[in-house]
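Protein sequence lines, in the order shown, are assigned to chains D and H.
For the first sequence, the working numbering begins at 1 and goes up steadily by one.
For the second sequence, the working numbering begins at 343 and goes up steadily by one.
Just so you know, the hints here were simulated from the structure itself, not pulled from any lab data.
Glycine is no exception: its CB is placed at the ideal position from the N, C-alpha and C atoms.
Among the hints, a few may not be true.
[Unchecked claim] Here are the simulated EDC-like cross-link-like pairs (lysine to aspartate or glutamate), alpha carbons at most 20 Å apart as the crow flies:
| no. | chain 1 | residue 1 | chain 2 | residue 2 |
| --- | --- | --- | --- | --- |
| 1 | D | Lys299 | D | Asp101 |
| 2 | D | Lys299 | H | Asp683 |
| 3 | H | Lys467 | H | Asp434 |
| 4 | H | Lys609 | H | Asp719 |
| 5 | H | Lys387 | D | Asp146 |
| 6 | H | Lys635 | H | Glu616 |
[Claimed, not checked] Simulated restraints, written as ranges between beta carbons of each label pair:
| no. | chain 1 | residue 1 | chain 2 | residue 2 | range |
| --- | --- | --- | --- | --- | --- |
| 7 | D | Leu112 | H | Glu617 | 50 to 58 Å |
| 8 | D | Lys234 | H | Pro639 | 30 to 38 Å |
| 9 | H | Lys384 | D | Pro132 | 33 to 41 Å |
| 10 | D | Gln45 | H | Thr457 | 47 to 55 Å |
| 11 | H | Pro356 | D | Lys140 | 56 to 64 Å |
| 12 | H | Val446 | D | Ala226 | 53 to 61 Å |
| 13 | D | Phe151 | H | Asp353 | 52 to 60 Å |
| 14 | H | Pro356 | D | Phe151 | 57 to 65 Å |
| 15 | H | Pro583 | D | Val237 | 51 to 59 Å |
| 16 | D | Ser141 | H | Val446 | 50 to 58 Å |
| 17 | D | Lys234 | H | Glu617 | 27 to 35 Å |
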Amino acid sequence: MVMLRYAVYRFFTMLLTLLVVSVLIFIIINLPPGDYLSNQITELQASGQSAGVAKAEFLRQEYALDRPLWEQYLIWMGFWSGPNGFDGLIQGNYGWSFEFDRPVAEIVGDSLWLTAVVNLAAILFVYAVALPLGVLAAAKSRTWIDYTSAFVGYLGLATPNFLLALILFYYGHQYFNLPIGGLMDPIFEGQPMSWDKMKSILLHLIVPTFVIGTSGASAMMQRLRANMLDELGKPYVETAVAKGMAPSRMLTKYPLRIAFNPFVADIGNLLPSMVSGSVLVSVVLGLQTIGPTLLTALKTQDQFLSAFILMFVALLTLIGTMISDILLVMLDPRIRYEGREA
Amino acid sequence: MTKRSDGRYVDDAPFDPDAALQQVERADLDAPNWVLVWRKFKTHKLGLISGVFLLLCYLMLPFAGFIAPYGPNERNGEHLYAPPQSIHWFHDGEFIGPHVYPIVAEADLETFQWTFTPDLEDPRKIKFFCEGTEYKLAGLIASDTHLFCPPEGATLFLWGSDRLGRDVFSRILYGAQLSLTVGLIGISVSFFLGILFGSIAGYFGGRIDWVINRVIEILRSLPELPLWLALSAAVPSNWSPVAVFFIISIILGILDWPGLARSVRAKFLSLREEEYVRAAEMMGASSGRVIRKHLLPNFMSHLIASATLSIPAMILGETALSFLGLGLRAPAVSWGVMLNDAQNLASIEIYPWTAIPMLPIIVIVLAFNFLGDGLRDSLDPYQQ
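Chain H with its partners taken away, still in its complex shape (with noise of 0.2 Å):
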């Protein structure tokens, strides 16, 4: 910028008076697909903070043991059943940090129930970054550092313990890590099978259309649930947990995709009369190579949101599985399991927090439908 000697400025930059006209009219016409798809996610507000939300979640799996202060199968055994424990800050008016104070049980001979007291007397500070139990940082790395502990001589139970005085808050942890995956196996799995017999269908039609189209139409007038049960009844019971938690996703599955199969083969009808695949296929490519490159990518964004839309339904599954009994098995933690603990009146009346499981079970399915929405209302971005 200089002055000149009349007084006014003028910027120094050579004026191109054709910049104006190379430029394109709108800048984001121009602009990859994707981050026109981001742009407008953004401004679906619930859908951004649920997916914020569970890429949290799913990042924290890997680091629930050296999040957890109890490991998950650690039992307490002078604190069955105990209320869940508030951290104070204040002791006498007076701020010494973050403690607890111990609770002691006592039998009550009249109800037969536990009943814990405080002794607020004696607050013992809570300590982090300190030694506890072993655990495996993302089952690969052995530790035994916790972000926080249990002080000496007292119990950290934030969110109560069970029946067996294990702590629910670390069980918590430790269950999304199968709870949460569960859904992203079956997912995978009724994607591939979805993918594969809807593309068939709908890209050969004919007599393969006819069969596959009456399979989906028989699976899916079938209840799933008493499916689900019969197949995992299946289930030798000598199988390692590992192993029953992913034949149990498979099963989720297997009876998951005639939804996608059939949404799949009605795009493909659509789109298989279109000039590019007729162009393709008189340039020679195969049908592997029509349906993959020409195809798949054109409706590959509405199949993720559909499948976003279907994994609560899986993890909603085998919740009901492991709550039956048939899902996941005992040394395994799931919410499902932990809700199998919760399975009667008696404790839903009297100890109402072994049944906090069920709270991220309605915050991650809910999450997922946002997220969905969002994703389904924002995949076409074309679209106003």
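Extracted from the complex, chain D is given alone in its bound form (with noise of 0.2 Å):
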């Protein structure tokens, strides 16, 4: 029941934080002077297209863009009333893209759950390779086992997401065959899900999961190590090794628990670096994620459609995040529930 009461209380802060951020996100799409239409309006001016103005002041109006800051904010959200009465984000209209002339909805489609999926791959990935990883190489601390990790780590860490993106997509479809640039092949676009779709996504999934969870997991690598050598130093370690337990089995049943709490509480720092990782790795890799579009809708000011972007991707952190924390609370009895007080 307590339980129950902190997942809610922890879904109302979220709420209350897409809030704010939806606010930041408003102002900072909204520093650049000017906005998409009234830019149009001064080029066809200058090019003396009379009738061209008219449908961009008609535009202006539709979308309330010649109303003060704050009345847009609240008509974009869906608080206010505007042209169209209540019909904003809260109310599953996401906006217009001036720059593709369709519905924001139908330009992200698909590759809202793409982006998810991606995410969600490579912070598998993360656990996948960094709990081995960084559980080895604690328990064989200054062998070669250790330096090698270490090394590949600080790499993993060093070398930028991007260029990792473009040489892993090389050398993977040199040697290995892997498929290049997309998140499917070009016969399935458009498609319903189906097996073949699945197993051809999978395949494309490979190197980004690679390049962009990396730099995440050799961070949490060194971090778990750190963990699991400070808990590896307590006596109730030596007391298990001196009953003759098996190291294997002696590591995995006290160590490892406790060295796993910050594991789960990290992904709340693990995750914005994951997406912004995947924005940048799906502009490089041409993958259907939301992270070229977004690219073109901040370079052209499409601001609707930008906006969208960001309050999505911040949405999908604040998730993780919330997930990570409940899980952390389930997890480890010492955590109150009232949330941190310092």
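Put the two chains together into one complex, using the hints given.
Dropping the structure here:
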């Protein structure tokens, strides 16, 4: 019951955070002077096309771009009655993309869940790699295993994501015949989900997952190793060894459990950097996630599109952090339910 | 030393029986803090080497123009995508000093690539301390003397040339000027904000603390890169490269401070209750003075170590932004701008040398990491 109450509390704080974030995003999006339509209008006026100007003026009114900024925000969120009544994000209307001349929902469509899939895969990869390697590096500290994993980890931290992407892509294709570019074979695009489509997506996911996950995995590995080393020096470990417990059983039964907590708590740090990485890698590798769309939207000042994508990305990380917080409370009874107070 | 008549040697200096008592038990207990830190840091070999290396790199920055044989945007229309040239010492088995063989470009009409063939009969000696393109030493003193220049009638592309026939080696040196300073400016901004907000939150506590803490949590839970992108997309495109450079570094710093503020706050919360703080307050010191004189020096060293560890993130951030075309722009030269050219698979496969700027990035980032680790380990000299 207490658990449930905490989950509900956490959910509401997340919603509040999201609200603050939406204000922040709206401000950032509106930082550049003018908007897409007013830029278009000046352009049209310069070339003397009055017909286009009328259309753009109409659109400006239609999307309430001629109102003060705070009203625009409320209308965009759906808290305020705009030209079409209450019709904003919370009513499920994601806005209109001027650049593509289509509703935002239509443009992002598939790429929303593909983004989620890519990030989920990357997180699973981080755990799958960091957990065994971190434990191994701690258990065999100061041996070649430790040094090799530390070296690879440092390299993973230092190599810019996008370069790793390009290089792995090239060699992956050359030596392992991994597919190049995109998240699925072009024939599957726009098709309903099928077994073959799934297989194609999985095959295309290998390189991106590896690239996005590497830096996160190396950071997490180092942290786990340090935690494990702290625990390994404690008397209870010595007791277990003295009792004649098998080393592998001893490791997993006691120190690993304690060292595991920060591991879960770390999702909050891991997720934002993961999502950042996936945006960058998607642009380089041409994945059909929202990364490339975000880039074009930002460059062309297509405000509703970029604001929505930023909101989605923020939502993704906030949900992930919330889940990790709840998991942490379930995992560790020592953590108080009232949230962290210093 | 005198030799006595009985053959023994005796020291002339007067013997003080109390000397042993007056000496501090261990000389190092009396040493100032920085000596202790330095002593411990010296044992951290990797950190030491990284530190020296970084110092050399930063010292080199003002002299980039002197070391580079070409100007940053000097085009060589006849040598587009020229492969790296090596410096030879022996010609026909005879030592004639450092020289290169001139390369001639030929268009391969089947693959539409340039092929370069060196003329092995014609060694050209590299000139030293010679005149070349004009540059400004440290951005102030105009000069045209270079450490070494390409010989007459030949080129000297140590690391090849790029799409427009510009020397990759020279551009890397010039690029270092921006790429390496971005991190420093960014970290100063983040340092300032982090200490300001962290100390306010930690020292005053209560409602201010709550607000600042929520802001920190929100900023930390957001993915950095999309926000960086959004902020730098807001930079007007008609600004000068220098202005763009400063604003980009400030953007990098603005989103970095929450992590620092958090650790500052945690330290303040624990130190606030110490007796000496209470004493200072009793004596009527203002809160600003208590923060600056009594609290900050306590963990300044710790902050410096963590700052060293977050510079690499900024360098990588600048690279990523410029790479995506939202950071520094064309006439400016940075490593990210250079890598922008190597964005596609074709350049990795056919012109791998255009991706060389990634090597300095990796090395610098690694060096900062090692230096930061070393500093962190050695800044607490009393702890074993």
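Quiz item: Looking back at the numbered hints, which does the structure fail to meet, lowest number first?
Solution: none
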